[in-house]
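Each protein sequence line maps, in turn, to chains V and S.
Straight run, no breaks: the first sequence in my numbering ends on number 179.
Straight run, no breaks: the second sequence in my numbering ends on number 174.
Some hints could be false.
Claimed, not checked - Distance condition first, Cα-Cα at most 25 Å in a straight line; then the derived DSS-like pairs of lysine-lysine: (1) V:Lys-44 - S:Lys-168; (2) V:Lys-89 - V:Lys-48; (3) S:Lys-113 - V:Lys-89; (4) S:Lys-164 - V:Lys-70; (5) V:Lys-95 - S:Lys-50; (6) S:Lys-19 - S:Lys-77.
What the hints assert, rightly or not - One side of the interface only, derived from the structure: several residues of chain S facing chain V at Cβ under 8 Å: (7) Arg-79; (8) Trp-110; (9) Leu-165.
These aren't lab readings, by the way, just hints derived from the structure by calculation.
Built from N, CA and C at the ideal position, the CB exists for glycine as well.
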Amino acid sequence: MELDNIEKLLEKYFEASTTVAEEEMLKVYFSQEKIPAHLEQYTPLFQYFSNAKKERFTKSVPLQPRKNYYKWISVAAVAVLAFGIYFGLDRHRDYQEQKEAEFVYQETRKALDLLAENFGRGTEKMAYLNQFEKTKQKIYNNN
Amino acid sequence: MRQSEFLNVVMPFKDKLYRLAKRLLVSTEEAEDATQEILLKLWSKNEMIGSYKNVEAFAMTMTKNFCLDRLKSRQAGNLKLVHSNYGETGTPLQKQVEVKDSALWVQKIMVELPEQQKMVLQLRDVEEYDYDEIAEMLDMKPSTVRVALSRARKTVREKLMQKHSYGIG
Chain V
37 MELDNIEKLL
47 EKYFEASTTV
57 AEEEMLKVYF
67 SQEKIPAHLE
77 QYTPLFQYFS
87 NAKKERFTKS
97 VPLQPRKNYY
107 KWISVAAVAV
117 LAFGIYFGLD
127 RHRDYQEQKE
137 AEFVYQETRK
147 ALDLLAENFG
157 RGTEKMAYLN
167 QFEKTKQKIY
177 NNN
Chain S
6 MRQSEFLNVV
16 MPFKDKLYRL
26 AKRLLVSTEE
36 AEDATQEILL
46 KLWSKNEMIG
56 SYKNVEAFAM
66 TMTKNFCLDR
76 LKSRQAGNLK
86 LVHSNYGETG
96 TPLQKQVEVK
106 DSALWVQKIM
116 VELPEQQKMV
126 LQLRDVEEYD
136 YDEIAEMLDM
146 KPSTVRVALS
156 RARKTVREKL
166 MQKHSYGIG
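So that you can see chain S by itself, here it is in the shape it has in the complex:
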């Protein structure tokens, strides 16, 4: 597979990889590095890409595993980031995109979710994959995906209600 073909395959979902990485790693720089790493890994296996039936799902699974490994080693190295204190520096795009401050609440709430629920919510509500695809990416059963998703959505709702009624960010 030549470079241009590879890019044609990879371009449509590279943003999705990045967003999943960012959901898990929180920091923009780390997510960028992770995405770059994943794309290079994919490129190094480019002869085999034709044999995967779903490159996108495969790349998503790679991203998931890579980020979870990162998180694990970060914890082992006692370099744990306190996610809830993480202030988004905010690129111009994001400022423009986040019209309402309350959109940031959702982001902060999602940071506190368990990893699995984070991923399920990201893949379903942001990337709009169907259950079977998510199940394949995360190596779970579709029914488990559904349960995790429902749980995640309800948690987000609950916390959002609290913030909404008390008006604290």
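Isolated chain V, as found in the complex:
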């Protein structure tokens, strides 16, 4: 490319009025071997810019592990919950049954108690009858 043109472009470059394409032209121009002496001072600048673009980010980014971790935790939590509910319901049912049985037992016992009490009262009355019988015998014997 003609020297004239490059000088003009440089001037525009420092006024920040060049386009990206024109800057590309400058970079290409300054990447060649033979640069006129009065422009040589600009070579490091454009070469640096071209080279700086070659630097790469090489570190890996641990994206998946963290994500996976959460996923498995939730799976585990659901499993624990399911087990809990399953066995919990079972135990709850057992408990309910036991309570029911106890209630029935208490009711039966109450009923039997009631019966026993009334039965007792009946025998008490029989004791009077006994007395009557004794007295009756006494009278018979005296006669």
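Fit chain S to the known structure of chain V by using the hints.
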């Protein structure tokens, strides 16, 4: 969005994020950490990525904000790095890439620029974005971008001239 899709979206510009981070933070390790952090943040918002019209610009803005925050907290913690003394340890790639020692001058000169000019110069001359994109990324007006860019380029030229004529690195 699944991981493979996410990577397809992110891969093309992850190096750009890294280079911007490195331009601002200077240290390679810090820039790597920052890039990693940004990518993870993006990943955590991956459901929303579809709604951003320009993921790349959004990621660049995130990187800018993240690095500026880092720099601020570094200053607050009195852990200020003296950038101009920072010697690039140089990976094999860089050694091979930096054929001329004078390319390092440009890097050192850029370290001394104000943050905004650093970013504008990086985004324009290294990453070759156009003014509107840079304006969107940095939350500036396109005309302001142009002014900052011109100023940055002239400063670099001036300092480069000094080094060139005195031959000191």
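Hints, verified against the model:
no. : hint                 : in the structure
1   : V:Lys-44 - S:Lys-168 : holds, 24 Å
2   : V:Lys-89 - V:Lys-48  : holds, 22 Å
3   : S:Lys-113 - V:Lys-89 : holds, 16 Å
4   : S:Lys-164 - V:Lys-70 : holds, 23 Å
5   : V:Lys-95 - S:Lys-50  : holds, 21 Å
6   : S:Lys-19 - S:Lys-77  : holds, 24 Å
7   : Arg-79               : violated, 21 Å
8   : Trp-110              : holds, 6 Å
9   : Leu-165              : holds, 6 Å
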